[in-house]
Amino acid sequence: MSVAVVAAEENAAGAPPAPKPALGLGAAVNQALATALAADEKVLVMGEDVGVLGGVFRVTAGLRERFGADRVRDTPLGEAGIVGTAIGLALRGYRPVCEIQFDGFVFPAFSQITTQLAKLRARSGGRLNLPVTIRIPYGGRIGAVEHHSESPEALFAHTAGLRVVSPSNPQDAHDMTLAAIACPDPVIIFEPKGLYWSKGQVETGPEGTAPDPAVLNRARVALAAGPGRQPGQAGGTGLDVETGQQVTLAAYGPSLPQALEAAEQLAAQGIAAEVLDLRAISPIDFDAVEESVGRTGRLVVVHEAPVYFGAGAEIAARITERCFFLLEAPVLRVGGYHLPYPPALIERDYLPGPARIVAAVRRALDF
Amino acid sequence: MPTAIVFEPSSQPATAPSPTAEPGAAVAPSPDAAFEPGPKTRPASAARPASAAAGTGLVSPGDAAAGAEPDSPPRPSPAVRRAIYRDMVLTRAFDQAATALQRQGELALWAPSLGQEAAQVGSAHALSERDWVFPSYREHGVLQSRGVDLKQLLPLFRGADNGGWDTESHRVHLYTLVVGAQALPAVGYAMGMALDGAAEITVLYLGDGATSQGEASEALVWAASCQAPILFFIQNNGWAISTPTRTQSRVALARRGEGFGIPSERVDGNDADACWAATAAALARIRAGQGPQLIEALTYRAGPHTTSDDPSRYRTAAEEAGWAQRDPIARLRAALQADGQADADFFADADAAGAALAAEARRGCLAIEPPRLDDCFDSVYASEHGLVAQEKAAALADGVPEAGVRENAR
Numbered sequence: 141m142s143v144a145v146v147a148a149e150e151n152a153a154g155a156p157p158a159p160k161p162a163l164g165l166g167a168a169v170n171q172a173l174a175t176a177l178a179a180d181e182k183v184l185v186m187g188e189d190v191g192v193l194g195g196v197f198r199v200t201a202g203l204r205e206r207f208g209a210d211r212v213r214d215t216p217l218g219e220a221g222i223v224g225t226a227i228g229l230a231l232r233g234y235r236p237v238c239e240i241q242f243d244g245f246v247f248p249a250f251s252q253i254t255t256q257l258a259k260l261r262a263r264s265g266g267r268l269n270l271p272v273t274i275r276i277p278y279g280g281r282i283g284a285v286e287h288h289s290e291s292p293e294a295l296f297a298h299t300a301g302l303r304v305v306s307p308s309n310p311q312d313a314h315d316m317t318l319a320a321i322a323c324p325d326p327v328i329i330f331e332p333k334g335l336y337w338s339k340g341q342v343e344t345g346p347e348g349t350a351p352d353p354a355v356l357n358r359a360r361v362a363l364a365a366g367p368g369r370q371p372g373q374a375g376g377t378g379l380d381v382e383t384g385q386q387v388t389l390a391a392y393g394p395s396l397p398q399a400l401e402a403a404e405q406l407a408a409q410g411i412a413a414e415v416l417d418l419r420a421i422s423p424i425d426f427d428a429v430e431e432s433v434g435r436t437g438r439l440v441v442v443h444e445a446p447v448y449f450g451a452g453a454e455i456a457a458r459i460t461e462r463c464f465f466l467l468e469a470p471v472l473r474v475g476g477y478h479l480p481y482p483p484a485l486i487e488r489d490y491l492p493g494p495a496r497i498v499a500a501v502r503r504a505l506d507f
Numbered sequence: 184m185p186t187a188i189v190f191e192p193s194s195q196p197a198t199a200p201s202p203t204a205e206p207g208a209a210v211a212p213s214p215d216a217a218f219e220p221g222p223k224t225r226p227a228s229a230a231r232p233a234s235a236a237a238g239t240g241l242v243s244p245g246d247a248a249a250g251a252e253p254d255s256p257p258r259p260s261p262a263v264r265r266a267i268y269r270d271m272v273l274t275r276a277f278d279q280a281a282t283a284l285q286r287q288g289e290l291a292l293w294a295p296s297l298g299q300e301a302a303q304v305g306s307a308h309a310l311s312e313r314d315w316v317f318p319s320y321r322e323h324g325v326l327q328s329r330g331v332d333l334k335q336l337l338p339l340f341r342g343a344d345n346g347g348w349d350t351e352s353h354r355v356h357l358y359t360l361v362v363g364a365q366a367l368p369a370v371g372y373a374m375g376m377a378l379d380g381a382a383e384i385t386v387l388y389l390g391d392g393a394t395s396q397g398e399a400s401e402a403l404v405w406a407a408s409c410q411a412p413i414l415f416f417i418q419n420n421g422w423a424i425s426t427p428t429r430t431q432s433r434v435a436l437a438r439r440g441e442g443f444g445i446p447s448e449r450v451d452g453n454d455a456d457a458c459w460a461a462t463a464a465a466l467a468r469i470r471a472g473q474g475p476q477l478i479e480a481l482t483y484r485a486g487p488h489t490t491s492d493d494p495s496r497y498r499t500a501a502e503e504a505g506w507a508q509r510d511p512i513a514r515l516r517a518a519l520q521a522d523g524q525a526d527a528d529f530f531a532d533a534d535a536a537g538a539a540l541a542a543e544a545r546r547g548c549l550a551i552e553p554p555r556l557d558d559c560f561d562s563v564y565a566s567e568h569g570l571v572a573q574e575k576a577a578a579l580a581d582g583v584p585e586a587g588v589r590e591n592a593r
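Here the protein sequences come in this chain order: A and B.
Heads up: the first sequence is residues 141 to 507, going by our numbering.
Heads up: the second sequence is residues 184 to 593, going by our numbering.
Each statement offered as a hint is correct.
To give an idea of the interface, some chain B residues facing chain A are shown, with a C-beta separation under 7 angstroms as derived from the structure:
#, residue
1, 364
2, 367
3, 404
Please keep in mind that the hints were generated in silico from the structure rather than gathered at the bench.
None of these values were measured; they are calculated from a predicted model.
In this text, a Cβ means the ideal position worked out from N, Cα and C, and glycines have one as well.
With the rest of the complex left out, here is chain A (with noise of 0.2 angstroms):
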């Protein structure tokens, strides 16, 4: 694979390195909860079919057998009783983990999320924290039923008070769950689950040691060699500004394969892309996109959601705002259609992929 990720600000110091097993994006984030539940006996894991069965993505799969009916918790069926019972628990000083089963059956929640959660910090003046981490497995590809492939990220986003963060490979998925736990405000982590069963090298750390909640803050970059470029340098002038043939994907979750897969196509065609792994939609790592943007001068956003209203339409107005004269084209977006998720037989025709992007590069280039 001539693509490589440079975690480029990640925390190089620490403890001796442990071994690092491969695990599947799912299976980094139950290794994240056992250990957040190890740790800290006010960690509670709450949602529909979490405990028996070990979630119906087998997720929290263990974590009642180890830690018992109180704390990993089969609930009711309600996405509002789960998250509302989640504030106020958060309230008396737990820190529960509500797992919502999918995507699209977050509303029954939003008005807890949106006129609840979020706002109690503010409206309490900052006296009260609402440290309640909701994963959600979202997006597409797996050929499931309706409700069950949405992208609603964006709904949140724009929601003062919450953070939202999506994770593209198991690294950051353990190491987001353990920074959303350890955070002392609400994170929604849209986790994609067409990705549950990817495999990659997790450093999981020792017991008890949970990443810096700034890991929820930053982007991290992939490169894709292009001409003149050596793979794995991050930054630096390797880049052939004089052709103009470069370009920046900016996605997040379950879009970064499909970005990664079309840096390698552009890349066989003599283009050199850089990726970047946003990570969090909010905050939205701005710097980041800025700074690659000044080295390339593109920028096409990927995402599953529907473009309309979505994160890249954000990325878009900010980074013209910040810098209109270092573009060479206009901000391009791929994502979803303005529809309804479509049936599972055609939502290969409305999910970015990597020709949908490579077109949009193309277009970018020829601007």
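Place chain B on chain A using the hints.
What follows is chain B alone, placed relative to chain A:
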């Protein structure tokens, strides 16, 4: 027309079909464990022998006075009754002062508690200091009873904050304006009490309108499922703005609880003694491990929904006049006098304290400092969030905090 709550003023106490009918309704044995109910708690009705109160769900302190029932509800002591009376008077004085402040343009809005003082103050005085209250937005009497300085309510209604007081100091959560949205957090808080092994109870205040919210039903489901130590105290004040209770429910609200497996009863919400007694008994059952309980207090919103409301558009003067004759403060005052538990000095002192509180409310309201928008950025997140710093800088560049002042001056 099936059973419905018809809210007509009447000299008769309001009655309802027994909320505790068929208390021990047997669940058919099933070979499948999944169909077995969870740990069952004894219904409240089974804890007491049949009485006059059991038929109506009304709790009458007279039952206790008769001394016929060993397990009959407790009755407030003379000192508690006086404390209840005093807090009712103080609540009303503050409430009327706040209403006047809104009429004078000093508050943007006020939600009067007028007429509901017995339900609020009577119930709240039965709580222990360790218990927690999750109020709606009209529970001024509950806050007064918990020792919250009611002046702290005024910034919310003046538009100077969004309702922030120190919730820990008196164990009263913030007011919640999204109707019924405090119910599930209250259940969660009670779940936390249970996990802590604490002998504490969460008391959730809801109105009749809130019972129509799906989240209120969900809260009952969760409380029953988790056997959370929570009391649902529903003030049925007859009206949700212009919508009468009969539009919300075709059965007595107390009967709702039974359907969820939560022992429930109805109480005369304008009888402070009865509200105290019913609450004390329900809290005792919860502390004894009998699980969540529900009380429906029948009362009347004697004023408008808020100062923006005009009740004359949807209810009659005769109805209001009828309920005015059942004023809860006058009723307790008469009872205290009849029982020889308070003298003229006591009543004069309570009235003087009310007048002083009203004056203090006025001074406090006028002394409220307007907030600064740039400060608002500092309380949204506890941890660093890059966008907040950028937007605060943008706001300062826009001329905040003086920009709005200039705008208003134009």
